[in-house]
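Given chain A, work out where chain B should sit, using these hints.
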Amino acid sequence: MASIADQGAPTSQAELLYQAQLRKVRIFRMHVGITWVALLLIIVFFFSGQNFLGIKTISLDTDFISRNLSFIAGGLGETIRISILSILLAILLALLAALGRLSTFPPFYALSTFYVSLIRGTPLYLQIFFFFLALPQIIPAWAAVPGLWAGVLALGLNYGAYMSETFRAGIASVSKGQREAAIALGMNPGQTMRRIVIPQALRFAIPPMGNDFISMTKDSALVSATGFVHELMWRATKVGRAQFNNLEALIVAAVFYWGLTLILTYFQNRLEARMSKGDR
Amino acid sequence: MAPIVKVSNLDKYFGRLHVLKNVSLEVQPREVVCIIGRSGSGKSTFLRCINFLEEPSHGTIEVDGLVVAGGEKGKEHRQLIHDLRLRTGMVFQDFNLFPHMSVLENVIEGPVIVKKMDRAKAIELAEKNLNNVDMLWKKDEYPNRLSGGQKQRVAIARALTMEPRVMLFDEPTSALDPELIGEVLNVMKKVAQEGMTMLIVTHEMGFAKEVADRVMVMAEGEIIEQATPEELFENPKDPRTRALIDRYRSGSN
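Chains A and B, in that order, give the protein sequences. In terms of the working numbering, the first sequence opens at residue 1 and continues consecutively. In terms of the working numbering, the second sequence opens at residue 1001 and continues consecutively.
Please note that a few of the clues may not be correct.
What the hints assert, rightly or not - If we take Cβ atoms under 8 Å as the criterion, some of the chain B residues that face chain A in the derived model are:
#1 Leu1053
#2 His1082
#3 Phe1092
#4 Glu1109
#5 Arg1165
These are computed hints drawn from the structure, not numbers from a lab. Even glycine gets a Cβ: it sits at the ideal position worked out from N, Cα and C.
Bound-form chain B, shown alone:
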C-alpha cells in the first residue's frame, strides 16, 4: 500500500540550532503512530513541520499525493501549503478554541470560511462530529464555560469537520487535569477505530501501548527507534528509549 504521509529527509534549524536532523517517515493509511521522546527532542517541531506551522529548512512533506518541499518561496509554494493544510487536521496542547465563538461556530468556521461550504451543510457535518465526541449538547456554549477535556473534544471535532486525510495531535492531553485525560483519550481511540490516520505526539505511554500501531522515539532531533508498541515497550533497543520507558513505569507505579 502506498503511504499516505511521507516525510523525506526533513531538516529544521532554529537560528543556529539544528532541531531536526534528516528525519524521514512513512505512514500508511489508517495507521496510528505515536511519537514519544523527552521535551526538546524535536517531536513537536516534527509534527508542526508536517502542516508547515513550522517551515522545514530542507526536505519534503507528502500527504495524500501532494508533495511540498521546505525552504521554498512564492505564490505557488503558498498555494501548496494551503492545500497541504486542508489535508491535515491539527489538535493543540492548549486547545486554541476561538473564545468569541460558540462551540458550533468554532466547528463550522473552517468549512464555511476556508472551504466556502454551504452553512447548512457545514452545520449538519459539525453536529455529526460534535455528537461523535459527545459534545453536541454544548453546541451553543462558549469555550470559557467548558472544562479542559470538553474543550479538547470540541477541538477534535473542529479538526475532523475539515475532513482531513491525516490528524496531527500535539500533546493533546498535556494541559489537562489528570481526571480529564481519559475522556479525551477515549475520543481519540474512537477516531482511530473509525479509520483515521493519526500522528500523535504524547507522553501517555499507556495510550500509545493500547492504540498505536507503531511507536516512534525521538531524541536530539532524530528518530532513534521505532517499532510496534509490544516490541518497543518489552524490548527497547536504545538506552535512551529504555530510560524513557523506565521513567514512565516508575512514574505510574
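Chain A on its own, in the form it takes in the complex:
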C-alpha cells in the first residue's frame, strides 16, 4: 500500500500512471503521423506513371511542370498580398460593424446590420464580379483602378461582414463589471472601449481571426475568375488551359495552397496556445 512517505517519489503509482498516459499519447500521435505519410505516398504513387502489380497509374507531364513551376509560383506573392490587404480591411470593417451592432444610436445600428445582411445574403463570387465588372458602370473611373483593389474590396467587405459577428461576441464576452470598473474610475465611453473592452475582446477574437485569414488565402483564388489579378489560381489556369495540362497545373497550385495553409496553421496553433495561457 502506498503510504504518505511514498508520495512524490519518482516511482510512485501516480507517476507511473502519468508516464503510461504520456506514452499512450505519443504512440497515438506517431500512428497518426505514419498514416499521413502513407496516404501521401499513395497519392504520389497514383500520379507517378509507374506500372505496379498491373496497376497503370496516371503519368503527369513533368516537363510541363518544370517549365511552368516558376510562373505559377510567381503568383504566391500576389495571393499573400491580396490576403493580407483584404484581412486588414476586413478587420477594420468588422470592428466598425461590431460597434454599430452594439450601438444605441439607431442609424449606426441600422447601417451595421444592413451591411452585414446585404453581404451575407449574396454570394462572394457575385460580389467579386460586382466590384470588377459592375462597379465601373456606376463609377467609370473605377475601371482604371488596378484589379487588385477590386479584389481587396470584395474580399475585405465579405470577410468583414462575417468577422463582425466574431468581434461582437468578443465585445459581449467582456463582463459588465469591467465596464463598471472603468466608469467608476471616471473613464468616458470612448476610453472604456479603447482601453478596457477592445483589448479584451481582441484577445477573444484573435484565434478565430487567424482561421478567417487562412480561409481567405484560399478564397482569394475566386478573384482569378475575373482575370485581372495574377495570383496562384489565375496563373495555374492560364498555363493549364493554354497547353491542355490542367491536371498538372491545378496540382501544382493545390500544393502551393496546401503548403501555405500548413504554414499558417502552424503559426495559428502557436498563437492559440499562447493566448490560452492567458498571462497577457
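Then chain B, alone, in the frame of chain A:
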C-alpha cells in the same frame, strides 16, 4: 461640520419596481458608515447611485460640495457625473481588475488616462498605495495569478490612487473564500484609520461592529434604522434589524 456626502430624497425605479424610496443620508468627513440589510433591500443600488453607476430617478447626490441631480440629461449633466466619479472611489464584490494589465498598470490606468497625470508621478503614487495594501511585491504580476484577497487589495489600491474624497465598498468580501476575508478587512481598517470617509455595504457584522462609526440598516428600499454599532447591535429597535442580527449571531456561533 459640513457633511462630505449628502444624499437627499433619493428614488430609484427599475422599470415598475420601486427599489429606493426617498432615501436621505449625510456622512461626515472621516466617518465610516456600514450599510447592512438582506439581499434585495436596495443597499447595493443605493451605493451605486452615489457615483451614478445607477442613475437615480429622483433626488440629489452631493459629494464634497458638488451637487448632482438624478434624472437629468445633457452634456452638462454628464460632466457633473464625471466630476462626481472623480470624487468617489469604488471597490466591487468581484474586484473587476483589468485582466490584460499588470497590477501596476491596473493602478496607474485611472490617473494616467483619466486625470492625465504624468506617468512617473502616477507610478510613484501607485507604488505608495500598493505598498500600503502590501501588494507592491506583486506589482508586475497579472491579476489571474493572484488570490481573491490579493485582487481585492489591488482593487482598493487602484481606487485610492485616484485620490477620491469618499470610498464606496460594494460587498468587498462577499466573493472571497473565508480564509481570505481577514486580509481585506484589515486593509480596509487601515484605510479607515488613515482618515478616509467610507461607505461600506457588507455582511460582515463583526467588521461593522469594530470599524464603523455608524451602521445603517436597509429594508425594502428604505433606511429603517441607523445608530452607532454598540447601540444597534445591543438594542435594535426595528424587528427586521433584530432578525438580521439574530441570524448573524446564530450563524457565527
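Please check whether Arg1165(B) passes as an interface residue: C-beta within 8 Å of a C-beta belonging to chain A. 13 Å, violated
So, as I understand it, the hint says Glu1109(B) touches chain A; can you test that by seeing if any CB pair is closer than 8 Å? Check passed: Cβ of Glu1109(B) comes within 7 Å of chain A, closer than 8 Å.
Let's test the interface hint: is any C-beta of chain A closer than 8 Å to that of Leu1053(B)? Interface hint status for Leu1053(B): holds (6 Å vs cutoff 8 Å).
Answer holds if the nearest beta-carbon of chain A is closer than 8 Å to that of Phe1092(B); otherwise answer violated. 6 Å, holds
Min Cβ distance, His1082(B) to chain A: is it shorter than 8 Å? This hint holds: His1082(B) lies near chain A, its Cβ roughly 6 Å from the closest one there, short of 8 Å.
Hint violations for this structure: number 5 only, all remaining hints satisfied.
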